[in-house]
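Protein chains in written order, with numbering that gives the first Met the number 0: chain A, 0 to 440; chain B, 0 to 290.
There's no promise every hint is true.
Said to hold, decoys possible - Label pairs and their in silico Cβ distance ranges: (1) B:Q102 x A:G322: 32 to 38 Å; (2) B:L14 x A:R353: 36 to 42 Å; (3) A:S326 x B:T193: 30 to 36 Å.
Keep in mind the hints are simulated off the structure, nothing from the lab.
Think of the CB as a built atom: it goes at the ideal place given N, C-alpha and C, for glycine as much as any other residue.
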Amino acid sequence: MTVFGVGMNRTASLWVGILGLLAGVILVTETLPPQRTPPPGTGNPAYQPPHIQWIRVFTYTGTRLDIQPVAAEGVGQDDPGGLAGFLGLDPGGGEPTGADQGTVEEGDTPDPLSLRSHQPSRWKHPPPTAVVGRTYRADLARLLPRDMHPRAESEAIWELLDGPPELGISSHTGQVEWVPAHEGLRGVHEVAAVYRVPEGEGIVVRYRLWVSGGLHPLGTNARGEDVLRMLVSSARWMIFPGILGILVAVLGGSILGATAGFYDGVRGRTSRTILEVIESVPGLLLILVVSVATNFSLPWIMVGVGVALLPSVAAEVSTTVQGFRKSAFVESSRELGLTDSRILWREILWLNTRPILARFVWYALGFVVLMEVTLSYLGMGVQPVNYSWGTMLIEGRERLNYGEYWQLLFPALAVVSVLAGCQFLGRRAALAIETGREEAP
Amino acid sequence: MRRFWFYLGLIGRYLGLFVTVGVLASAALALVPDVRAPGPFMDRWQENLRVFLLFDYFAIDPNRGFSVWDVLLAASWRTGTLLLGALAFSLGPALILSLRIEQSRNPRISRVTAQVLRSLSNLPVLIWAILFMLVAFQFAGIVPVFSQIREGAGAAVAAAVILPILALVLGDGALGSTLDRFQARARDIGRSETMLAVRARGLRQGRFLVRSMVPDVVDEAASKATLFLSGAIVIEVIFEWQGLGWRIWQALGSVKDYPVILGCVTVVMALVLGAHLLRDVLRAAALPHLR
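Work out the full structure: start from the sequences and follow the hints.
Shown next, in the form of C-alpha cells:
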C-alpha cells in the first residue's frame with residue numbers, strides 16, 4: 000500500500016492510523032458543545048479567593064481523594080507539617096488503610112522559604128479525582144494536622160468558613176461528608192475550614208478540592224477540563240490551518256524551485272531572488288512579523304509558516320529539475336516540438352518530482368505543528384480563550400510548581416510523538432523514493 | 000582590480016538584500032493600525048521607512064526614557080553571546096567527532112556518541128528548553144534564568160549560561176545536520192587522492208583533514224547562524240535572556256513598540272546577512288575559481 004509516496008509496512012500503517020484516528024476524533028469533538036467551567040468562586044459574590052495559603056488536593060483517575068493541607072493560619076507557623084502529612088479518604092465511606100494514616104512527626108516542619116522543601120511528595124502521589132456523584136467521607140480528626148493543637152484530634156469542630164456553598168460539603172458528628180453533586184462543580188474549589196477547640200481558639204486550614212466529571216486518563220487541568228480531550232481537540236489548530244501552510248510550502252516551493260532550476264533568464268533570476276530574500280530571514284522571525292502584520296490571524300500565520308518553508312522545498316525541486324534539464328528525454332521532447340512550459344510542468348515536475356514533494360508534505364506537517372506550538376507558547380498563536388498544545392505547555396509549566404506534572408508531560412509527549420511520527424514517515428517516503436529509483440529500469 | 004569589483008559586487012548584493020527585506024518588513028509592520036501607529040497605511044509605512052532607512056534609532060523616546068539604539072546595543076551582545084556559544088558548542092564537537100570517526104582505528108565510541116547526539120537533536124528547541132528548565136529546578140533547585148548570571152553563584156551561573164546554549168544546539172536538528180555534513184565531508188576527504196598521498200608520505204593526516212574542512216566549517220557556521228537566531232527567540236523568552244528575540248517578544252505585547260521591533264529585525268538581518276557575506280568572502284578568498 001502506498002500513501003503519499005510512502006510504502007506502508009505495519010508500523011507506518013499504525014502511524015497513519017493514529018493520525019487518521021486523531022482527525023476523526025477532532026471532527027467528533029468539534030461537534031460537541033464546549034466544555035468550560037467557570038473559575039472557582041464565580042457566581043458567588045461573597046466568595047473571596049484565598050491568597051497564597053492555598054492548599055493542594057487533587058483530581059485524577061477516580062479511586063481515592065487525598066486531602067493534603069500545606070498551610071494554615073492561626074498556629075504561628077507557615078507549614079504545620081502538612082507537606083509530609085498525608086491524609087486519606089476512601090470514596091463511599093470506606094475505611095482508610097493503615098498506609099494512609101497521617102505521617103506527621105513532631106518537629107517535621109520544612110523550611111517554607113525553600114522551594115524544594117515544598118515538593119518532596121511531588122512525584123510520589125498520583126492525584127486522584129473526586130468524581131461527581133460519588134460520596135467521600137473522612138474523619139475530621141484525620142483532616143487536621145495533628146500538631147496543630149494538642150487536643151485537636153479529639154475535640155475540634157469542623158466548620159466551613161468560606162468557599163462556594165454549592166459545593167455540598169457537610170460535616171456531621173466527627174465526619175466530613177462530601178458528594179460532588181453536579182457537572183457544574185467541575186474544577187478546583189478553594190475551601191477554608193475552621194477548627195474550633197473549647198478554649199476558643201480557631202485554626203483555619205485551606206484546602207483545594209478538585210472535582211471531575213468522570214474518568215480522566217490523562218488528568219485534568221486547574222479548571223477541571225480533561226487533558227486528553229484538550230489534547231485531541233487542540234489538534235484542530237494544527238491540522239486544518241496547517242493544510243494551508245503545507246499547500247503554500249509545497250505549491251509555492253515547487254513553482255519557485257522549478258522556475259529557478261529550469262530558466263536562466265528573467266524568470267529564473269526573479270525566482271532565485273525571491274528565494275534568496277526569504278532565505279535571508281530567520282524562519283521564526285519571518286513568522287512573527289507575519290503574525291503582527293495580520294493581527295495574529297492563524298490562517299495567515301500558517302501562510303507565513305508555508306512561506307518560511309519555501310526555500311527548503313524549492314532547493315530540492317530546483318536541484319532535481321536542474322538534473323533533468325539536460326537529460327535525453329527533455330532533449331527529445333524539444334525535438335518533438337513540446338514547449339518549455341509543458342516540458343517543465345508536466346514532463347519534469349508532475350511526472351518526476353511528486354515523490355520528493357510527498358516527502359515534504361510530512362516534513363511540512365511536522366514543521367507546522369512545531370510552529371503552532373512555539374507561537375502559542377510565545378503567546379502569538381492561539382489566544383488564551385481557546386487552547387492549543389502551546390498554551391497547554393505554558394499552563395503546564397506554571398502548574399508544575401504545584402506538583403501537577405501531567406499538565407506538562409502529556410502535551411510535551413504529544414508534540415514529540417507527532418514530530419517523531421512525521422520524521423519517521425518522511426524517512427519512509429525518502430526510502431521509498433530511493434528504492435523506486437533503484438528498481439526503475 | 001577584478002578582485003576588487005568582485006568583492007564590491009558581493010557587498011552590493013547583500014546590501015541590496017538587506018534593504019529589500021527591511022523595506023518589506025517596514026511594509027508588513029505597517030499593515031495593522033495600532034495605538035502606537037494610527038493613520039492610513041502609507042503614513043505608517045513612511046514612518047517605518049524613515050526609521051529603517053535613516054536609521055532613526057538614536058532619538059530618545061520620552062515614553063521610554065532612552066533611545067532604541069540603547070535597547071538594541073544592550074540586547075545585541077546577549078544574543079551575540081548566545082549565537083557564538085551555540086556555534087562553538089555545535090561546530091566544535093561535530094568537527095572533533097567527525098575527525099575521530101575518520102581517523103581513529105576503532106571509532107566505535109565516537110560513532111555511538113554521534114548517533115546519540117543526532118537522535119537527541121531531533122527534539123525541538125522549545126521542548127529542550129522546557130526540559131532543561133524543569134530538570135534544573137526539580138533536581139538542583141535552580142531557576143536558570145539570565146538574572147542568575149548577575150545575582151547567582153557557582154552552579155546557578157553555570158546553568159544559566161550553559162543550559163540555554165545547549166538547548167539551542169540540541170534543538171531543531173541543528174547538531175544532527177552538522178554531524179551529517181561533517182561526517183560525509185570528512186569521509187570524502189579521507190578517501191581523496193590527496194589524503195592517499197599524505198598517508199603514503201607518512202605525514203600527519205589531522206592537519207590536512209582540518210585544513211580541507213575549513214570551507215565547510217565556515218559554510219556551516221553561516222547557515223547555522225540563521226537557524227540559531229531563529230531558535231534564540233524561543234530560548235531568550237524561556238530563559239529570560241533579554242536579547243533581541245526577547246525584545247521582539249516584549250515589543251509585540253499589548254502595545255506594540257514598532258521602532259523596537261523594526262530595530263531588532265534590522266539587527267538580526269544584519270547578523271544573518273553579515274554571516275553570509277563573510278562566508279562568501281572567505282570562500283572566494285580560499286577558492287579562487289569561484290571568483
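Hints, one by one, checked against the model:
The hint said 32 to 38 Å for the Cβ distance between Q102 (chain B) and G322 (chain A), and at roughly 34 Å that hint holds. At roughly 39 Å, the beta-carbon separation of L14 (chain B) and R353 (chain A) lies within the given 36 to 42 Å, and the hint holds. In this structure the hint that S326 (chain A) and T193 (chain B) lie 30 to 36 Å apart at CB holds, the actual value being about 32 Å.
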